[in-house]
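Take the sequences, apply the hints, and build the full model.
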Amino acid sequence: MKSELYAIAEIAGDQVILETGKKIAVPKLDVEIGKEYIVDSVLYLREGDAVKVGNPVVKGARIETSVVEHKRLPKVIVFKKKRRKGYKVKKGHRQHYTVLEVKGLMAATPTKAKKSAPKTTGKEKEDAAPKE
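Quick note, the sequence shown lines up with residues 56 to 187 if you use the working numbering.
Source of the hints: derived by calculation from the structure; they are not laboratory data. One should not assume that every hint holds.
With a Cα cut of at most 25 Å, we get these calculated BS3-like pairs of lysine-lysine [said to hold, decoys possible]:
no., residue 1, residue 2
1, Lys145, Lys130
2, Lys143, Lys158
3, Lys83, Lys140
4, Lys114, Lys158
5, Lys77, Lys146
6, Lys158, Lys90
7, Lys114, Lys140
8, Lys158, Lys107
9, Lys146, Lys130
Here are the simulated distance ranges between beta carbons [unchecked claim]:
no., residue 1, residue 2, range
10, Arg138, Asp69, 36 to 44 Å
11, Gly141, Glu74, 49 to 57 Å
12, Gly141, Ile93, 50 to 58 Å
13, Thr75, Lys143, 18 to 26 Å
14, Val123, Val144, 32 to 40 Å
15, Glu91, Lys137, 25 to 33 Å
16, Glu74, Gly115, 35 to 43 Å
17, Glu124, Asp104, 34 to 42 Å
18, Asp104, Gln70, 21 to 29 Å
Note that the coordinates shown come from a computational prediction; the quantities given were computed from them, not determined experimentally. Each residue gets a CB set at the ideal place from its N, CA and C atoms; glycine is no exception.
Have a look at this one:
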């Protein structure tokens, strides 16, 4: 990896390595060109020497990407034949995919534990009420 900050995430069933500014191809997503797509399923995150491995995902980590374009892969020819039977079938297929550009990686920031208020008993509430 060129940078010290990168992540491995799952997008549409594929695991991809993401770095800021990198363009990646993933199976077709139903998002318009130019729109933002946020990836929540981050499996691995590295920031310098700090490494976070998800179980199964890193909680709080998000990756902001934008859709650059929708394309199709080159044609794959499928040819079937059974000898001496006169059976021949030729089919072609082009797989759709989406090109995403990574805008930024947002690591999970540790949240400070909230201090809970001391538990009160019913007697303290009765004492606080004004007496006549």
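Hint-by-hint comparison with the structure:
no. : hint                          : in the structure
1   : Lys145 <-> Lys130             : 12 Å, holds
2   : Lys143 <-> Lys158             : 48 Å, violated
3   : Lys83 <-> Lys140              : 39 Å, violated
4   : Lys114 <-> Lys158             : 20 Å, holds
5   : Lys77 <-> Lys146              : 34 Å, violated
6   : Lys158 <-> Lys90              : 12 Å, holds
7   : Lys114 <-> Lys140             : 58 Å, violated
8   : Lys158 <-> Lys107             : 20 Å, holds
9   : Lys146 <-> Lys130             : 10 Å, holds
10  : Arg138 <-> Asp69: 36 to 44 Å  : 38 Å, holds
11  : Gly141 <-> Glu74: 49 to 57 Å  : 54 Å, holds
12  : Gly141 <-> Ile93: 50 to 58 Å  : 54 Å, holds
13  : Thr75 <-> Lys143: 18 to 26 Å  : 50 Å, violated
14  : Val123 <-> Val144: 32 to 40 Å : 36 Å, holds
15  : Glu91 <-> Lys137: 25 to 33 Å  : 51 Å, violated
16  : Glu74 <-> Gly115: 35 to 43 Å  : 19 Å, violated
17  : Glu124 <-> Asp104: 34 to 42 Å : 36 Å, holds
18  : Asp104 <-> Gln70: 21 to 29 Å  : 23 Å, holds
The earlier numbered hints that this structure contradicts are 2, 3, 5, 7, 13, 15 and 16.
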